[in-house]
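Colleague: Starting from the given sequences, assemble the full structure and let the hints guide the process.
Chains as they are written, first to last, in the working numbering: chain A, 3 to 466; chain B, 253 to 369.
Just so you know, these hints were derived from the structure itself, not from any lab.
Don't take each hint at face value.
If you want the footprint, here are the derived chain A segments under chain B, 3+ residues with CB under 8 Å [stated by the list, open to error]: (1) 119–127; (2) 164–170.
Once the Cα atoms are required to be at most 20 Å apart in a straight line, the calculated EDC-like pairs of lysine to aspartate or glutamate come out as [what the hints assert, rightly or not]: (3) Lys313/B x Glu287/B; (4) Lys153/A x Asp326/B; (5) Lys303/B x Glu287/B; (6) Lys142/A x Glu287/B; (7) Lys191/A x Glu91/A; (8) Lys146/A x Glu287/B; (9) Lys191/A x Glu89/A; (10) Lys352/A x Glu257/A; (11) Lys153/A x Glu318/B; (12) Lys142/A x Asp182/A; (13) Lys24/A x Glu89/A; (14) Lys142/A x Glu47/A.
Interface residues of chain B toward chain A, partial, derived using beta-carbon atoms under 7 Å [stated by the list, open to error]: (15) Met284; (16) Ile286; (17) His304; (18) Gly327; (19) Val331; (20) Val337; (21) Val344; (22) Gly345; (23) Leu346.
Built from N, CA and C at the ideal position, the CB exists for glycine as well.
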Amino acid sequence: MNALILSAIFGVLMMFSGVMLKQKASVRNIACTGMALLLIAVLLEMKGVVLFNVNTTGMLSFTRFTLVFNAIIFFSTFIYLLLSAREMENVGVNYAEFFALIFFILCGVVLVTAFKSLLILFLGIEIISIPLYILTGSDKRNLKSNEASLKYFLMGAFSTGIMLMGIALLYGARGSFATDFSDLMTAEKPSPLLIGGILLILFSMAFKVSAVPFHFWTPDVYDGAPTVFTSFMATIVKVAVFVGFIRLFNDSFDETQKQWRFVIAIITAATLLVGNITAVFQQSVKRMLAYSSIAQAGFMLLAVYAMNSDSWEGLLLYAAAYCFATIGIFAVLAKMNDITFSGFNGLGKKDPLVAGTLSVFLFSLAGIPLTAGFLAKFYMLKAALSVNGSLWLVILAVLMAAVSVSYYFKVLQAMYFKEPDISSDQTVIQAFKQPVFRWSLIVLAVFIILLGLFPGLLLTWYYF
Amino acid sequence: MPINYYIFLAIALFSIGIVGVLTRRNAIIIFMCIELMLNAVNLLLVAFSKKHYLVELERLKVAGLEAVTNVGTDGQLFVFFIMVVAAAEVSVGLAIIVMMYRNIHSVDVNFLNRLKH
Numbered sequence: 003m004n005a006l007i008l009s010a011i012f013g014v015l016m017m018f019s020g021v022m023l024k025q026k027a028s029v030r031n032i033a034c035t036g037m038a039l040l041l042i043a044v045l046l047e048m049k050g051v052v053l054f055n056v057n058t059t060g061m062l063s064f065t066r067f068t069l070v071f072n073a074i075i076f077f078s079t080f081i082y083l084l085l086s087a088r089e090m091e092n093v094g095v096n097y098a099e100f101f102a103l104i105f106f107i108l109c110g111v112v113l114v115t116a117f118k119s120l121l122i123l124f125l126g127i128e129i130i131s132i133p134l135y136i137l138t139g140s141d142k143r144n145l146k147s148n149e150a151s152l153k154y155f156l157m158g159a160f161s162t163g164i165m166l167m168g169i170a171l172l173y174g175a176r177g178s179f180a181t182d183f184s185d186l187m188t189a190e191k192p193s194p195l196l197i198g199g200i201l202l203i204l205f206s207m208a209f210k211v212s213a214v215p216f217h218f219w220t221p222d223v224y225d226g227a228p229t230v231f232t233s234f235m236a237t238i239v240k241v242a243v244f245v246g247f248i249r250l251f252n253d254s255f256d257e258t259q260k261q262w263r264f265v266i267a268i269i270t271a272a273t274l275l276v277g278n279i280t281a282v283f284q285q286s287v288k289r290m291l292a293y294s295s296i297a298q299a300g301f302m303l304l305a306v307y308a309m310n311s312d313s314w315e316g317l318l319l320y321a322a323a324y325c326f327a328t329i330g331i332f333a334v335l336a337k338m339n340d341i342t343f344s345g346f347n348g349l350g351k352k353d354p355l356v357a358g359t360l361s362v363f364l365f366s367l368a369g370i371p372l373t374a375g376f377l378a379k380f381y382m383l384k385a386a387l388s389v390n391g392s393l394w395l396v397i398l399a400v401l402m403a404a405v406s407v408s409y410y411f412k413v414l415q416a417m418y419f420k421e422p423d424i425s426s427d428q429t430v431i432q433a434f435k436q437p438v439f440r441w442s443l444i445v446l447a448v449f450i451i452l453l454g455l456f457p458g459l460l461l462t463w464y465y466f
Numbered sequence: 253m254p255i256n257y258y259i260f261l262a263i264a265l266f267s268i269g270i271v272g273v274l275t276r277r278n279a280i281i282i283f284m285c286i287e288l289m290l291n292a293v294n295l296l297l298v299a300f301s302k303k304h305y306l307v308e309l310e311r312l313k314v315a316g317l318e319a320v321t322n323v324g325t326d327g328q329l330f331v332f333f334i335m336v337v338a339a340a341e342v343s344v345g346l347a348i349i350v351m352m353y354r355n356i357h358s359v360d361v362n363f364l365n366r367l368k369h
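Modeller: Listed below in structure tokens is the structure:
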């Protein structure tokens, strides 16, 4: 509750700061301070200090999982602002409004991770989506940005419509929007309204997390949006919607599990296959990362498929590992002019520190041991294995993880084994020289390795 | 009237909306079709809300209790939230369409194929 109200207040504050303050640096500092305060507020709430006490009549519940997850989200956003807040200057005129929108999105993220009623889930997802449409189209003169934002908007609104239909059918079957409603009390056999509602909600959530076959908008939107905002969409927003997904299906549809589990298995398998195999053929690193985010979503779907205690732990680790690594890579990408693989040529010689941290991120995404990504994938597979008859899915996931190595290592190969182009400009390297940027990258890399060695650091938070 | 009539009407409207979104090429018309989908949902929610209210009333009568209940109000509340969110979406969506129109002087979504290589 602390974080929800504080982030709304900071959103409004940022809107005013755009009018009051002339200097961009001070706007940026306020945003970073605000994010640090949000992080502290969540940590305080974990210790039992609640600053705001609002009676939500059981519509929100801040469980341990929600709080730990919110802490991960706020920490990643804090690092994200430190890394790429400068790049937002190049995107549009109204600099402060981007920060305001980011704070509002975080409001939605808190709602989606804490809902106990379908109404709050719907509002949370909309509060996340509507600012994202604006951020996607923020580069107003750029046709690609225009196109991405219109496409994202039409697809997003369409999937919202489908989700609402699902909610309405569910309401017809149950007579309540509460998620902890027991279907066993109403009928022996689930009614067609209930099954229809669950399927429609499942499809629309698959849309939002870009699972195959509902992924077609993802590469275009991620490619067209300004790189700084792609980074935010592909990491923080995506894992938050995943938490909404798993909470909804755990609280609400537990008793009808055998009806939807097979559908999820199919979607997971398709997501793993299409995401990984298409990513191999991409020329631009940005587009490769878009497909990689689809592939990683396939792994996170294993948590929804398994739905046991391992999958909750796994999702926390996965959220941290995936967010840290992808934010790092996008931050480097946002400072480069050439976003194809050849843009990375010879980076290992030109800037060993950035190249080194970048390889830690890539190792983590590919799931190489000693990084957080490995353990996250391990937990997901362990969770999925405990389900009867899921061996084929686990084998497929392992195979696809092996495929993913090939495209992540293309970047490594470019950095270390190719000569730099003579024409490559030196301004890129200048942008890497800011001390804040370098230190944030180092912090991210250290966290990834620490989590890879001692996952207990994060999981003890969850339990104690 | 039985609840089934409302369910079929809402599903028919919803399907018209979906077909419109998938087949039309004009961004504004696609947008209207999405609104049609949302309004189908509103209709369905109101119908279900009334149904749950009547069922609860019947149950109270059989049990011999006072026939006062607020079951079903949450469905109607949800409708207001859908309207508010739809209005917010319209304001952002039309702004995006206008922005695109300024750049290419068309609202045809066939334009959207440029990002594909």
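Colleague: Each hint needs a verdict: does it hold in this structure or not?
Modeller: Hints, one by one, checked against the model:
1. Evaluation of the coverage hint for the region 119–127 of chain A: fulfilled, as 3 residues show C-beta separations to chain B shorter than 8 Å, against a requirement of three.
2. Here the region 164–170 of chain A counts 5 residues with a CB under 8 Å from a CB of chain B, which clears the bar of 3, and the coverage holds.
3. Of the supplied pair hints, the one linking Lys313/B and Glu287/B is violated, its CA atoms being roughly 39 Å apart against a limit of 20 Å.
4. Annotation: proposed proximity of Lys153/A to Asp326/B is violated, straight-line Cα distance about 33 Å (limit 20 Å).
5. Simply put, Lys303/B and Glu287/B have alpha-carbon atoms about 24 Å apart, too far for the 20 Å limit, and the pair is violated.
6. Proximity of Lys142/A to Glu287/B is assessed by CA-CA distance (about 26 Å); at most 20 Å being required, the pair is judged violated.
7. A hinted pair counts as satisfied when its Cα atoms are at most 20 Å apart, and Lys191/A with Glu91/A does not qualify at roughly 57 Å.
8. For the hint linking Lys146/A to Glu287/B, the alpha-carbon distance of about 26 Å lies beyond 20 Å, and the restraint is violated.
9. At most 20 Å may separate the alpha-carbon atoms for a hinted pair to count; Lys191/A and Glu89/A exceed this at roughly 55 Å.
10. Restraint check for Lys352/A and Glu257/A: the C-alpha separation of about 57 Å exceeds 20 Å, so the hint is violated.
11. Restraint check for Lys153/A and Glu318/B: not satisfied, since their Cα atoms lie roughly 53 Å apart, outside the 20 Å limit.
12. Using a Cα cut-off of 20 Å, the hinted pair Lys142/A and Asp182/A is violated, with the two alpha carbons roughly 44 Å apart.
13. Pair hint Lys24/A plus Glu89/A holds up; C-alpha atoms about 18 Å apart against a cutoff of 20 Å.
14. Our distance criterion of 20 Å between C-alpha atoms is broken by Lys142/A and Glu47/A, whose separation comes to about 40 Å.
15. A distance limit of 7 Å between C-beta atoms decides the matter here; for Met284/B the minimum to chain A is near 11 Å, and the interface restraint is violated.
16. For Ile286/B, the interface hint holds, since its Cβ comes within 7 Å of a Cβ in chain A; the closest pair sits about 5 Å apart.
17. Satisfaction of the interface hint for His304/B is found here, the shortest Cβ-Cβ separation to chain A being roughly 4 Å, below the 7 Å cut-off.
18. For the restraint placing Gly327/B at the interface with chain A, the shortest Cβ-Cβ distance is roughly 6 Å, inside the 7 Å limit, so the hint holds.
19. Proximity of Val331/B to chain A is violated relative to the hint, the smallest CB-CB distance being about 10 Å (cut-off 7 Å).
20. Among the interface hints, the one on Val337/B holds; its C-beta lies about 5 Å from the nearest C-beta in chain A, closer than the 7 Å criterion.
21. With 7 Å as the threshold, the beta carbon of Val344/B comes within range of chain A, its nearest partner Cβ sitting at about 5 Å, so the hint holds.
22. With its C-beta approaching chain A no nearer than about 5 Å, Gly345/B sits inside the 7 Å limit, and its interface hint holds.
23. With a cut of 7 Å, the hint placing Leu346/B at the interface with chain A is violated, because the nearest CB-to-CB distance is about 10 Å.
The structure is inconsistent with the numbered hints 3, 4, 5, 6, 7, 8, 9, 10, 11, 12, 14, 15, 19, 23, although it conforms to all the rest.
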